[in-house]
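Q: Each chain is listed here by its residues.
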Amino acid sequence: DGGITQSPKYLFRKEGQNVTLSCEQNLNHDAMYWYRQDPGQGLRLIYYSQIVNDFQKGDIAEGYSVSREKKESFPLTVTSAQKNPTAFYLCASSSRQSTIYEQYFGPGTRLTVT
Amino acid sequence: GQNIDQPTEMTATEGAIVQINCTYQTSGFNGLFWYQQHAGEAPTFLSYNVLDGLEEKGRFSSFLSRSKGYSYLLLKELQMKDSASYLCAVRVAGYSTLTFGKGTMLLVSP
Numbered sequence: 001d002g003g004i005t006q007s008p009k010y011l012f013r014k015e016g017q018n019v020t021l022s023c024e025q026n027l028n029h030d031a032m033y034w035y036r037q038d039p040g041q042g043l044r045l046i047y048y049s050q051i052v053n054d055f056q057k058g059d060i061a062e063g064y065s066v067s068r069e070k071k072e073s074f075p076l077t078v079t080s081a082q083k084n085p086t087a088f089y090l091c092a093s094s095s096r097q098s099t100i101y102e103q104y105f106g107p108g109t110r111l112t113v114t
Numbered sequence: 001g002q003n004i005d006q007p008t009e010m011t012a013t014e015g016a017i018v019q020i021n022c023t024y025q026t027s028g029f030n031g032l033f034w035y036q037q038h039a040g041e042a043p044t045f046l047s048y049n050v051l052d053g054l055e056e057k058g059r060f061s062s063f064l065s066r067s068k069g070y071s072y073l074l075l076k077e078l079q080m081k082d083s084a085s086y087l088c089a090v091r092v093a094g095y096s097t098l099t100f101g102k103g104t105m106l107l108v109s110p
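Protein sequences appear in the order of chains A and B. Count the first sequence with my numbering and you get residues 1 to 114, in order. Count the second sequence with my numbering and you get residues 1 to 110, in order.
Treat the hints with care, as some may be off.
Said to hold, decoys possible - Computed far set for chain A versus chain B, every beta-carbon distance over 10 Å:
1. Glu15
2. Thr20
3. Leu27
4. Asp54
5. Ala61
6. Glu69
7. Glu72
8. Ser73
9. Thr77
10. Ala81
11. Thr112
Stated by the list, open to error - Heads up, simulated SDA-like pairs for lysine to any residue below, C-alpha to C-alpha not over 25 Å straight-line:
12. A:Lys57 <-> B:Asn3
13. A:Lys71 <-> B:Tyr95
14. B:Lys57 <-> A:Tyr101
15. B:Lys102 <-> A:Ile60
16. B:Lys57 <-> A:Gln97
17. A:Lys71 <-> B:Ala42
18. A:Lys9 <-> B:Lys102
19. A:Lys83 <-> B:Lys102
20. A:Lys9 <-> B:Leu46
21. A:Lys9 <-> B:His38
22. B:Lys68 <-> A:Tyr101
23. B:Lys102 <-> A:Gln6
24. B:Lys102 <-> A:Gly40
25. B:Lys57 <-> A:Lys71
26. B:Lys81 <-> A:Pro107
27. B:Lys102 <-> A:Gln56
28. B:Lys102 <-> A:Arg44
29. B:Lys81 <-> A:Glu102
These are calculated hints, taken from the structure and not from any lab test. What you are looking at is a predicted structure, and each value in this text was computed from that prediction instead of being measured. Just so you know, even glycine gets a beta-carbon here, dropped at the ideal spot from N, CA and C.
The shape of chain A in the complex, shown without the other chains (with noise of 0.2 Å):
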């Protein structure tokens, strides 16, 4: 069964500690990205990577770093220097084989900083 997974669900961490977010896809896509969701916000670009051992910024990249090793795996490091770090996260793939290139969504974490 493919898909997109993210652990833990919620996530609870105290103010000045970095906490990694994991994504992992079974679905064989190039891309993946990593958004932030805030109540009346919608989604916001972290992070994206389009190949194995790349990743560029994205909207909001201050405070969070990334690594893409393997192709199934994009995990996401929320700093001490992000300073909001409470939100829902949200990993996403696609692929170039699809013809709109549309994205695929996990099911996201919960990050709440005190």
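Based on the hints, put chain B in the right spot on chain A.
A: Only chain B this time, still in chain A's reference frame:
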């Protein structure tokens, strides 16, 4: 940059028809997507338009006018389960990324 506008909230009655509008301003337009998102869940893909006109898929249809920078999502025979947020997203030529609007929260009442 890109600017995408959608109404914040809409209400409708079960069995009715509702139209959710989306206007955008962008250069190098290369497609418009509609996603549905239930509270606390992942967005799911509904429709895609890149040429002018109407795309129909069951109870859902999506329309695009590139010259007007305008799209709408039409939901027919509304059901309670259609209560969700509807996200409009635009892709620019040469990029795989999408820019999302803030979403329209639709509440369907009995």
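Q: Determine for every hint whether it applies to the structure shown.
A: Verification of the hints:
no.	hint	result
1	Glu15	holds, 24 Å
2	Thr20	holds, 20 Å
3	Leu27	holds, 13 Å
4	Asp54	holds, 12 Å
5	Ala61	holds, 12 Å
6	Glu69	holds, 20 Å
7	Glu72	holds, 18 Å
8	Ser73	holds, 18 Å
9	Thr77	holds, 20 Å
10	Ala81	holds, 23 Å
11	Thr112	holds, 14 Å
12	A:Lys57 <-> B:Asn3	holds, 19 Å
13	A:Lys71 <-> B:Tyr95	holds, 19 Å
14	B:Lys57 <-> A:Tyr101	holds, 18 Å
15	B:Lys102 <-> A:Ile60	holds, 15 Å
16	B:Lys57 <-> A:Gln97	holds, 22 Å
17	A:Lys71 <-> B:Ala42	holds, 21 Å
18	A:Lys9 <-> B:Lys102	holds, 23 Å
19	A:Lys83 <-> B:Lys102	holds, 21 Å
20	A:Lys9 <-> B:Leu46	holds, 24 Å
21	A:Lys9 <-> B:His38	holds, 15 Å
22	B:Lys68 <-> A:Tyr101	holds, 24 Å
23	B:Lys102 <-> A:Gln6	holds, 23 Å
24	B:Lys102 <-> A:Gly40	holds, 6 Å
25	B:Lys57 <-> A:Lys71	violated, 32 Å
26	B:Lys81 <-> A:Pro107	holds, 18 Å
27	B:Lys102 <-> A:Gln56	holds, 23 Å
28	B:Lys102 <-> A:Arg44	holds, 9 Å
29	B:Lys81 <-> A:Glu102	holds, 23 Å
Hint compliance for this structure: hint 25 alone is broken.
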